[in-house]
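The opening residue of the sequence shown carries number 1 in my numbering; numbering runs sequentially from there.
If you're looking for bench data, these hints aren't it; they were derived computationally from the structure.
None of the hints are false.
Dumping the calculated DSS-like pairs for lysine-lysine here, alpha-carbon to alpha-carbon at most 25 Å:
hint, residue 1, residue 2
1, Lys133, Lys119
2, Lys10, Lys50
3, Lys119, Lys37
4, Lys28, Lys119
5, Lys50, Lys14
6, Lys37, Lys133
7, Lys139, Lys119
8, Lys133, Lys28
9, Lys28, Lys139
10, Lys37, Lys139
11, Lys126, Lys50
With beta-carbon atoms standing in for the labels, derived distance ranges:
hint, residue 1, residue 2, range
12, Arg109, Asp4, 45 to 55 Å
13, Lys119, Asp4, 38 to 48 Å
14, His6, Lys139, 44 to 54 Å
15, Tyr93, Leu69, 21 to 31 Å
16, Phe26, Asp53, 29 to 39 Å
Note that the structure is a prediction, hence the values are computed from the model and not measured.
For every residue, glycine included, the Cβ atom is placed at its ideal position computed from N, Cα and C.
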Amino acid sequence: MCIDYHQLNKVTIKNKYPLSRIDDLFDKLQGASYFSKIDLQLGYHQLRVKEDDIPNMTFQTQCGYYEFLVMSFGLNNDLAAFMDLIYRVLRQYLGMLIVLIDDILINSRSEDEHTEHLKIVLQVLKDQQLFAKCEFWLKSVAFLGHIVP
1 MCIDYHQLNK VTIKNKYPLS RIDDLFDKLQ GASYFSKIDL QLGYHQLRVK EDDIPNMTFQ
61 TQCGYYEFLV MSFGLNNDLA AFMDLIYRVL RQYLGMLIVL IDDILINSRS EDEHTEHLKI
121 VLQVLKDQQL FAKCEFWLKS VAFLGHIVP
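Can you make the complete structure from the sequences, with help from the hints?
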């Protein structure tokens with residue numbers, strides 16, 4: 001289903017969220033030997049809409065009117081809102097991972113360190129009720145269109 005939020009987007013105050021350059025992200029992987037990849041499934045749909053904003057996202061089909069209770073695709077601020085959430089949740093762990101939108105790459109220098117990093121990040125995601133599909137203990141990984149290391 002595709003919803004046209006053109007009219008809503010016209011009156012929305014736009015929030016910008018700077019995305020990291022991929023080169024800068026990969027520079028942070030120097031020396032890492034162990035990787036685990038996390039993809040926050042349906043990322044935007046894990047972000048609840050504020051109660052007051054729900055009526056603004058009402059849409060009509062031949063079966064009636066519906067409202068999104070979670071962030072929908074196509075809104076001006078969907079990326080900014082999602083990135084803000086992810087960085088607030090993971091900010092203190094940016095030394096052990098890189099993140100771009102809904103893709104997280106945990107990187108470590110040793111097996112013991114990687115075990116500890118995994119425990120921490122997975123617990124944080126669980127506590128925040130952010131759900132993901134994961135690939136663990138990779139020596140090489142395809143991430144953001146690149147093979148690491």
